[in-house]
Each structure stands twice: as C-alpha cells, then as structure tokens.
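Protein chains: 2
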Amino acid sequence: MALSAANKEIIEKAIKAIHERVFYAQYPEHPKAYGEEAPGKGLEAYNNQLGKQFTGLLQQNPVEWTGEEVSPYTNKPLGITYPVFDVDTLIVRAGRAFGEWKKVSADDRAEVLVDALERIKNRFFEIAYATHHTTGQSFVMSFQASGPHASDRALEALAMGYEELNRFPASVTWEKPMGKASVVLQKQFKAIPKGIGLVIGCSTFPTWNSVPGLFATLITGNTAIVKPHPKSVYAIAIVVAEIQAALKAKGYDPNVCQLAVDSSNKLITKQLAEHPLVKLIDYTGGSAFGSYVESLPGKVTFTEKAGVNSVILDSVADLKPVVQNLSFAVSLYSGQMCTAPQNFFIPAGGVKQGDTVIPYEEVKKALVDAIAGIAGHPQMGPGTLGAIQSEITLKRVNSMKELDVNILLEPKPVANAEFPEARTCSPVVLEVDAHDVGVYENELFGPIVLIVKTKDTAQSVEIAKHMAEKHGAITFSAYTTDEATANMITEELESVFAPVSLNLTGMIWVNQHATFSDFHVTGGNPAGNASFTNPEYVNKRFVWVGHRRVA
Amino acid sequence: MALSAANKEIIEKAIKAIHERVFYAQYPEHPKAYGEEAPGKGLEAYNNQLGKQFTGLLQQNPVEWTGEEVSPYTNKPLGITYPVFDVDTLIVRAGRAFGEWKKVSADDRAEVLVDALERIKNRFFEIAYATHHTTGQSFVMSFQASGPHASDRALEALAMGYEELNRFPASVTWEKPMGKASVVLQKQFKAIPKGIGLVIGCSTFPTWNSVPGLFATLITGNTAIVKPHPKSVYAIAIVVAEIQAALKAKGYDPNVCQLAVDSSNKLITKQLAEHPLVKLIDYTGGSAFGSYVESLPGKVTFTEKAGVNSVILDSVADLKPVVQNLSFAVSLYSGQMCTAPQNFFIPAGGVKQGDTVIPYEEVKKALVDAIAGIAGHPQMGPGTLGAIQSEITLKRVNSMKELDVNILLEPKPVANAEFPEARTCSPVVLEVDAHDVGVYENELFGPIVLIVKTKDTAQSVEIAKHMAEKHGAITFSAYTTDEATANMITEELESVFAPVSLNLTGMIWVNQHATFSDFHVTGGNPAGNASFTNPEYVNKRFVWVGHRRVA
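Chains as they are written, first to last, in the numbering used here: chain A, 1 to 551; chain S, 1 to 551.
Do not take every clue at face value.
[Unchecked claim] Stretch by stretch, here's where chain A covers chain S in the computed footprint (C-beta under 8 Å, at least three residues):
| hint | region |
| --- | --- |
| 1 | 21-34 |
| 2 | 127-134 |
| 3 | 452-463 |
| 4 | 495-503 |
| 5 | 508-517 |
| 6 | 538-548 |
[Stated by the list, open to error] Derived coverage of chain A by chain S (criterion: at least 3 residues anywhere in the stretch with Cβ under 8 Å from a Cβ of chain S; other residues may be distant):
| hint | region |
| --- | --- |
| 7 | 50-62 |
| 8 | 139-147 |
| 9 | 166-178 |
| 10 | 282-292 |
| 11 | 303-313 |
| 12 | 503-509 |
These aren't lab readings, by the way, just hints derived from the structure by calculation. Cβ coordinates follow ideal geometry from the N, Cα and C atoms, glycine included.
My request is simple: use the sequences and hints to build the entire structure.
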C-alpha cells in the first residue's frame with residue numbers, strides 16, 4: 001500500500017495552508033458545493049435512521065443498545081439506539097488494534113484517514129440533520145460546523161501530524177571521522193505512538209470539537225475510543241462509522257477507532273479515562289471535569305474547558321456596525337459557542353466615535369436594542385439563535401433573573417414557525433458594575449450577556465486580563481480607533497495567552513476560528529491546555545526513539 | 001539589530017544537521033582544534049581563579065559570597081566563592097528582564113545566543129579544568145563534555161527553537177471569498193514565551209546537562225535562573241558569565257540569564273521551583289527530586305532523572321571486542337554517566353559465537369577480566385575512570401559488598417600517578433539471578449555492574465523491558481547476530497520508549513549520544529519526561545497566539 005497521489009495532494013495542500021495561514025478550505029462551507037441531490041439524500045438517510053438501531057459501526061457483539069437523544073426542535077426523542085460495550089471490551093479491542101496500527105506507516109495511515117474524510121463528505125447532510133436535532137444549532141450552522149468545518153479541522157490535525165512524523169529521516173548512515181578511520185552507524189528514527197487515546201465529546205459540537213483530537217491521535221499511530229455525550233451521539237457515530245469503513249476497506253482492524261456510547265445514568269467516562277492503558281485524552285466540556293482530566297497521573301491531556309470571553313469597547317469609527325456585529329456574535333446559536341463573548345466592558349464615560357463621545361447609556365441601549373432586534377426578527381431570529389441544547393442551559397438563563405442586578409433585556413422564547421415546540425431562549429442582558437466580580441467571573445454558558453460598567457478602558461483591560469488569566473479566555477474582542485490603545489490591549493492580553501480580535505465588523509465574528517489560519521484556544525490559559533492545531537498538539541501523541549547499530 | 005550573516009549560517013547549518021541527523025559538529029571535540037595557546041591560557045585562568053571570588057557575573061549587590069567546591073582529584077577546596085542573591089531578588093530581576101526580552105525578535109535573541117556560544121568557546125579549557133576539578137571527570141572528558149559537546153547541544157536547542165519560532169508567518173493578510181465580496185483580515189502570529197525558566201543543574205555534568213534547557217528557554221523569549229549543584233558551580237558560572245557578557249554587548253539586561261548559587265546547608269531549589277512566576281523547570285538529577293519537580297502544579301517541566309540501563313547478550317560474532325567495548329562503557333567516568341550500562345543480562349545457557357556456544361561462566365569471566373584490566377592499567381585506568389565526584393557514590397559502591405550476593409570483582413582504588421589523593425574506585429561487579437529484582441531494579445549510580453543470569457534471551461528482554469517501563473532507561477544495548485532476535489528486541493524496547501544500540505564494538509559506546517543525531521533520553525519512560533532535542537523540547541516553552549483585525 002501507499003499514499004495515493006490524490007490523497008497526498010490533499011495533505012500537501014493542507015500542510016501548505018497551515019504554514020501560510022491564508023484562507024483555505026478543502027471542504028467548501030457552502031451546502032450547494034455538494035450537488036443538487038445531496039440535501040435530499042441526507043434528509044432521507046436521517047429520516048430512515050430515526051427510531052432504529054444505528055447499525056453502521058463495525059464493532060461486534062454489543063452487550064445492549066441504548067440511546068437518549070431528544071431533538072431540541074421537536075422536543076421528541078430521536079429513538080435511535082447505539083451499541084454498548086463493556087469498558088474492558090473496548091480497551092482489549094483498542095489494545096489489540098494498537099499492536100497492528102502502530103506498525104502501519106505514516107503514509108498508509110494517512111491514506112486511510114483521508115479516505116475516511118472523503119467518505120464523511122458524502123454524509124455531510126445527514127450529519128447536518130443529526131447535529132441540528134441533537135445540538136439545537138440552526139441547520140446551516142449544523143451543516144457547516146459538523147460538516148466541512150469539522151472535516152477541515154480534522155484534515156489540519158492529520159496534516160500537522162503527517163508533517164511531524166516525517167520530520168526526521170527513517171534511517172541514516174552516520175559517519176564520524178576519527179582521524180585515519182571513522183565510526184559508521186546505521187540509525188533508525190521512529191515516531192512511537194503512546195497507546196490508546198480517549199476522545200471525550202461534548203453535547204453542542206459533537207464533531208467539530210472531537211475530530212481534531214481523533215485524527216491527531218490516529219495519524220500518529222495510536223488507537224482511539226470516542227466517548228460522545230449521551231445526548232449528542234448521532235453525528236460523531238457517522239464519523240466513526242466512516243473511519244471504520246475506511247479502515248476495513250484497506251484491510252485494517254476497524255477497532256482502531258471505536259465508539260463508546262454510554263447513558264446519562266451509567267457514564268463510563270471516568271472508567272475509561274483512568275484506565276492505565278489509556279495514555280492520551282482529548283476533552284471538550286466543563287471546567288470541573290476538564291480539570292479532573294488534566295490532573296490524571298500518567299496521561300497526556302488535550303483539554304478545551306470553559307472561558308470567560310470579553311469584549312472591550314473603547315472607541316469606534318461608527319457604533320452601528322459594531323453593535324450589529326456584537327449582537328450577532330452573542331445571538332449565534334444562543335451563546336452556546338465556547339467562543340461567544342460574555343462580558344462587555346464599557347467605560348462609564350462612554351465610547352468615543354470620531355470627535356464625539358457616545359454616552360455609556362446610549363452605547364448600552366444600542367447594544368441591547370440590536371440583540372433584541374435579532375431575537376425578535378421573524379426570519380433572522382430562529383435562524384441565528386437556533387435552539388437550546390439542554391434544559392440546564394435554559395434554567396441557567398432564567399436563574400439570572402433572580403440575581404440582584406439590573407436586567408436590561410429579559411430572556412424570552414424565540415418564535416420558530418417551523419418548530420413550534422422548539423426549546424428557545426433569547427439572550428438575557430444584565431448590567432453590573434466592575435466590582436461585581438462574583439457575577440461576571442464565571443462562564444455563564446448560554447445566551448447570557450453581561451454589560452460591565454468600568455471606570456475607563458484601562459480598568460476594562462485590567463479586569464479582562466485578570467479574567468483570562470484566572471478563568472481562561474478562548475476569544476477576546478476589542479474596539480478602539482487609537483493605535484496606542486490597540487497595542488496596549490494586545491500586549492496585555494497576549495501576556496495571558498488570549499488572542500485579540502480587533503474592530504471586527506461586517507461578515508466576520510469573534511466566535512469564528514478559521515481552520516488552517518486561526519489557532520482555536522491557545523492552550524496557555526485556564527480555558528484549555530491544547531490548541532487546534534499547533535505542533536505540540538500532535539507531537540505529544542508520540543515519542544521519537546532513535547536506534548543505532550554498527551554498520 | 002539583526003542576525004549577522006555569520007551567526008545565521010551557524011544556525012542554518014545546525015538546523016540542516018538536525019533534519020539530516022548525520023554527523024555534524026559546530027565545535028570540534030579535539031582539543032587541538034582550538035590552537036596551541038588555548039590549553040595554557042585555560043590553565044592560567046583556572047589557576048588565577050582558585051581561592052578567589054568569581055567576579056565574572058553581571059549581577060549586582062550580592063548578599064554574601066559562598067563556595068564549597070572540592071576537587072575529587074586533590075581532595076582540596078577550590079576556594080572559589082560565588083555571589084549569593086535572595087530568591088526574591090532573583091525573581092524580581094528575572095521578571096523585569098522578561099518584560100524586555102520577550103519583545104526581542106527571534107533573530108535578535110539568536111544573535112546574542114550564538115555570540116555567547118562563540119565567547120564560551122574561548123573559555124573551553126578553563127571550563128575543562130573547572131569540570132575536571134569539580135566532577136572528577138578525566139581532563140579529556142571534561143573538555144569534550146563541558147566544552148564542544150555541551151555547546152553543540154546548546155546550539156541544537158537554540159536552532160530547534162529558532163526553527164519553531166519561525167514556523168508560522170509573523171503576519172498575513174487573510175481573505176475569505178464570500179460570493180461577490182470578501183472578508184479581509186490582517187493576522188499576526190506571535191510565539192509568546194511562558195515567563196521565567198529555572199534550570200537545575202547536577203554535580204556530574206554541570207554544563208552538558210544544563211545548557212540545552214537554558215538555550216531552549218532563552219531563544220524562546222523566557223528568562224532563566226540557573227541553579228547549579230553547590231559542589232559543581234564553576235563551569236556553568238563561566239557559561240552564564242559569557243551569556244551575560246553577550247547580552248550586555250548588545251545592550252540587553254544581563255539578568256535575562258542569572259546564576260543562583262546556594263549552599264548545601266541552605267538550598268533554594270524548592271523555593272525557586274515553587275515560585276508562581278517560575279513557569280518552566282529544567283532538571284537533571286535523582287528520581288525522587290525529579291518526580292517532585294514533575295508534580296509541581298502550573299509548571300512545564302523537562303526532567304532527566306535516573307534510569308536502569310540494560311545490556312542483553314544473546315549472540316556475538318566475536319566475544320572479545322564485545323567485552324572490550326562493554327568494559328570501557330562501564331569504566332568511563334566510573335559509571336557516573338546517566339547513559340552508563342548497569343544490568344548485564346546473560347542467559348544461563350551461554351552466548352552463541354558463530355557455531356559454538358560460549359558458556360555463561362566464560363562470558364562472565366571475560367567481562368570481569370576486561371573490566372579489571374582497564375581499572376588495573378596504569379595509563380588507561382585513571383584516564384578512563386577519572387575520579388568519584390561524591391563521597392556518597394563511594395559509599396554506595398562499598399555498601400554493595402554487604403549485599404548477600406556473589407561479588408565477582410571487588411572495588412578498589414585506582415592508582416593515579418598525577419593525583420595520589422584522588423577519590424577513585426574501580427567498578428564492583430556483582431552476580432545476581434533473574435529473581436533478585438530487589439537488587440537490580442534501582443539505578444545504582446556509580447561504578448556498579450550487575451550480571452543478571454537469566455533463563456534465556458526471551459527472559460532477558462522481558463526483564464529489561466519491564467525495568468525500562470517501571471524505572472526508566474536512557475540507554476539500552478544488545479548483542480545478537482540473529483536478525484529476528486534483533487527485531488524482537490527493538491520492538492519490545494521501543495514500545496517502552498527505550499532506544500536500542502545494537503552490536504556496538506570499536507570506538508563507539510552506548511554511553512555516547514551524538515548531538516544533531518541522537519536524541520538524549522526519549523521522554524517516554526520514567527528516566528525523564530524530555531528529550532534533547534525533539535520539537536516538543538522547545539515548543540512547550542512558548543504559546544502560539546494569533547491576533548486579527550479588520551484590514
């Protein structure tokens with residue numbers, strides 16, 4: 001076997017994009033790029049799967065079948081069940097597959113994994129429906145995030161891994177001159193994989209957040225056990241099924257990549273994570289469990305936990321496009337993105353706009369009006385906000401009303417003509433003062449926006465920096481027309497490893513991290529210890545070992 | 001400022017060597033390469049330093065002066081004292097220097113550090129005498145290990161860091177087509193250093209083991225505090241002094257790299273290591289303290305601890321060159337190298353040599369005789385074995401006689417005509433059985449050799465693998481003329497991340513790891529969590545942060 005010319009080209013283009021960091025997409029984000037028939041076929045596949053066993057996996061002899069997914073749009077169970085396996089079975093199969101997979105060349109692994117991505121591409125629309133009806137994302141976001149964007153991130157990790165695996169020669173003749181004679185050694189350099197990797201998924205981005213770690217683990221020769229969130233299995237089950245099909249097509253053990261479904265009342269995550277043969281753990285989710293994962297001895301972990309993302313308003317060329325941009329950023333998928341802004345720091349003295357100053361109260365009102373405008377818009381509202389994935393998020397939003405703070409915008413249901421039963425909620429906007437640290441210092445996951453009144457921009461920066469350092473930040477957004485202020489903000493925030501998005505307006509939002517260009521999470525603050533996809537993200541999954549023998 | 005053409009060429013050649021992994025040395029290991037006058041000048045400098053304050057550092061206002069180095073050759077104190085600083089002073093100065101150094105470009109940092117290496121080169125002979133009279137290494141080894149070999153390792157880390165820092169563009173224009181229009185962002189990619197790095201040295205290899213971490217930390221924009229072993233300060237003090245001189249020459253704060261000398265009765269290592277502003281720790285030394293370092297929360301650590309290095313004898317073309325090679329490997333610097341073999345696994349059935357089998361007893365005798373031969377040789381003995389650095393090591397060797405095991409070779413002083421007062425000790429060779437795990441499972445630092453009688457080679461491999469997995473291994477050596485056995489050994493040992501040296505005879509020994517070619521420690525087993533120099537070794541010292549703004 002070998003790496004086919006077509007697949008090699010896909011990887012080489014990805015490596016080039018990673019190095020150049022210009023815009024690149026192997027998988028176009030526009031649904032129309034996939035042909036006229038694709039959407040219909042995807043819907044048909046989705047409808048055919050509802051209420052049935054998911055039989056696409058190549059894992060034999062399940063002990064039972066389980067499933068508890070409920071659509072946030074219809075409020076009805078999907079009725080899909082997935083095969084369940086004992087932890088011991090999963091580990092034994094992963095260990096056995098590892099014995100084979102670790103010996104497979106980087107080229108041959110890459111061939112399988114690029115094939116898998118091409119297979120996954122054919123199921124983007126089914127994945128989109130699966131994501132839509134488990135996460136509550138709008139259909140377009142479901143398509144883009146779980147389809148092309150996720151596959152581009154997977155390819156990015158795969159390509160980075162491929163590059164690193166080929167960084168040193170497989171063998172060299174080493175000759176050291178020693179006067180008249182010389183010493184000659186034959187040397188081999190091998191990238192030895194660590195063992196079994198566990199990939200722990202989340203309920204809101206079941207593929208996007210899981211496939212980078214999964215493909216990084218697999219390309220570097222480890223085997224993988226994918227443990228999805230029990231409420232959001234379907235989309236990643238398709239991904240695992242296609243990886244297994246690609247493995248099988250090349251004659252490899254499909255257990256190189258297994259799906260480990262559990263149920264809310266019998267979670268197996270800790271049992272898997274603590275197993276001594278599990279050497280790598282990729283995790284996306286809440287901070288408490290993430291910190292537990294990071295603390296496990298003898299594991300290499302890659303975490304994305306919660307962050308407190310801040311926006312600083314200092315000065316603007318024109319306030320209107322700014323509040324439009326920001327209101328969209330907080331409304332998109334009802335703030336259920338790890339990249340969504342939460343705390344808006346506005347100076348009590350207002351925000352400069354050219355030669356004038358817009359008073360604090362006006363800035364606040366403009367922002368609140370813009371947020372209310374999106375939620376209340378009959379077409380734009382439901383398409384932007386989608387639905388709320390979990391009842392807990394909805395409760396959190398409503399509990400905000402019980403805080404002793406000023407509520408600027410009450411949360412309410414978002415009318416959705418297509419899905420009248422949808423669990424929806426418009427953003428709640430609260431106003432607090434800089435000293436109300438207890439309110440704004442935690443990630444308040446969901447459509448919750450806090451406007452924090454500060455003394456001035458210097459205080460805004462000081463607090464935002466402290467939040468990033470202490471609680472983590474995945475994104476950070478600032479608006480200033482003053483270059484010195486821009487530099488000051490950038491220096492302060494980068495010192496706590498938070499990336500700065502400056503003056504974003506128009507069709508680009510702070511929530512979005514472009515594959516092949518933007519690092520997602522820096523790994524340097526408490527929001528997570530890993531980054532999609534820097535070299536460390538793949539290097540830590542294997543060990544360079546050099547052998548030598550007398551020639 | 002910028003990177004000069006000459007220094008850029010030095011870095012580029014090093015990067016090329018790292019990638020090709022063929023033989024390369026920027027600093028020739030032969031003393032004659034440094035000119036006729038260099039040895040005499042080095043000795044003069046050494047003699048002038050004895051009994052005086054070491055005034056070469058650019059660190060102001062010490063609280064006191066201290067020094068406790070004693071030559072293992074003369075048994076007399078060197079009488080050199082070094083400036084002592086409070087931990088708070090060291091941290092404050094390192095923090096202040098960090099504010100400046102982190103903003104310096106990779107090119108400008110590289111310019112300073114290559115300059116420093118060129119300055120250090122001019123002091124190789126003084127460093128050699130300093131090493132000789134603190135570690136007990138022979139003069140030639142002192143010269144090579146602390147001089148050219150250490151500087152090559154420093155350059156390797158520097159070059160690897162330089163390559164990684166330049167891996168992504170500093171800025172790009174990112175343009176995403178959006179139908180008729182497009183979104184354009186200006187992006188910046190910055191490698192943000194972590195903060196203050198602590199480098200904890202050891203008594204036996206004061207520069208070789210410390211400069212890779214030191215140069216890796218500095219090139220990536222962190223500042224460094226070098227905490228040497230109080231019994232082995234002089235050599236690394238020269239290195240730090242020259243780095244400070246190079247910093248000052250370019251107008252930078254010399255406190256970018258500080259020396260933190262302490263004394264045995266008032267160690268400051270833990271105070272430094274636990275300081276919240278210390279983010280990176282490089283450590284070489286015993287396993288207990290190394291595991292403490294690794295366990296510190298919030299630190300990125302790079303450790304080289306102890307390992308149990310094994311030799312497996314299965315079959316040989318000719319036993320004589322094999323035992324010659326091995327006896328030299330255990331005698332070199334009296335087994336005080338972290339790479340020295342300790343446990344020799346020999347099958348009870350003997351070792352094949354061509355069509356015959358050499359009985360176990362004969363193999364054992366050949367090995368013991370060869371070891372005794374080196375120690376007893378009037379010229380070769382002292383030059384190979386050098387002296388014993390620490391009284392503790394000598395006690396350990398002698399305590400071996402109290403074990404209830406067969407002593408094949410008694411330790412005794414090694415006659416040294418030049419230094420009659422030298423603390424010397426020839427290797428003790430013990431014979432144990434495979435089931436005497438309690439005896440051979442620990443690193444017995446110093447000239448201690450264990451011959452372990454096994455059932456067969458399969459058992460030898462099983463035990464050696466288990467030792468590497470449980471207790472770590474930095475080197476591993478095997479002799480077999482059977483290709484299938486060679487492959488089996490390689491597969492088993494690489495699975496626990498131990499590098500295999502096969503059939504070494506002649507002028508190459510398992511103890512030696514060549515810069516630019518051999519990884520020193522893999523980082524994958526308990527012998528240490530880092531490797532000189534893989535990409536991870538530099539990547540973990542900084543964080544990629546990407547900023548973006550609307551163009």
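Against the structure, the hints come out as follows:
1. Beta-carbon proximity to chain A at under 8 Å applies to 3 residues in the region 21-34 of chain S; the threshold of 3 is reached and the given coverage holds.
2. Beta-carbon proximity to chain A at under 8 Å applies to 0 residues in the region 127-134 of chain S; the threshold of 3 is not reached and the given coverage is violated.
3. Coverage of the region 452-463 of chain S by chain A is violated [criterion: at least 3 residues with CB-CB distance below 8 Å; count 0].
4. Requiring three or more residues with a Cβ within less than 8 Å of a Cβ of chain A, the coverage given for the region 495-503 of chain S holds, as 8 such residues are present.
5. Three residues within the 8 Å Cβ limit are the bar, and the region 508-517 of chain S against chain A gives 3, so the coverage statement holds.
6. Interface restraint, the region 538-548 of chain S with chain A: holds (8 residues with C-beta to C-beta distance below 8 Å; minimum three).
7. Closer than 8 Å: that is the beta-carbon criterion, and the region 50-62 of chain A has 0 residues meeting it against chain S, so the requirement of 3 is violated.
8. Counting residues of the region 139-147 of chain A whose C-beta sits closer than 8 Å to any C-beta of chain S gives 0, which falls short of three, so the coverage hint is violated.
9. For the region 166-178 of chain A, the assignment as covered by chain S holds, since 10 residues bring a beta-carbon within under 8 Å of that chain's beta-carbons and 3 suffice.
10. Look at the region 282-292 of chain A against chain S: 0 of its residues bring a Cβ nearer than 8 Å to a Cβ of that chain, fewer than three, so the hint is violated.
11. Residue count for the region 303-313 of chain A with a Cβ under 8 Å from a Cβ of chain S: 0. That is fewer than the three needed, and the coverage hint is violated.
12. Beta-carbon proximity to chain S at under 8 Å applies to 6 residues in the region 503-509 of chain A; the threshold of 3 is reached and the given coverage holds.
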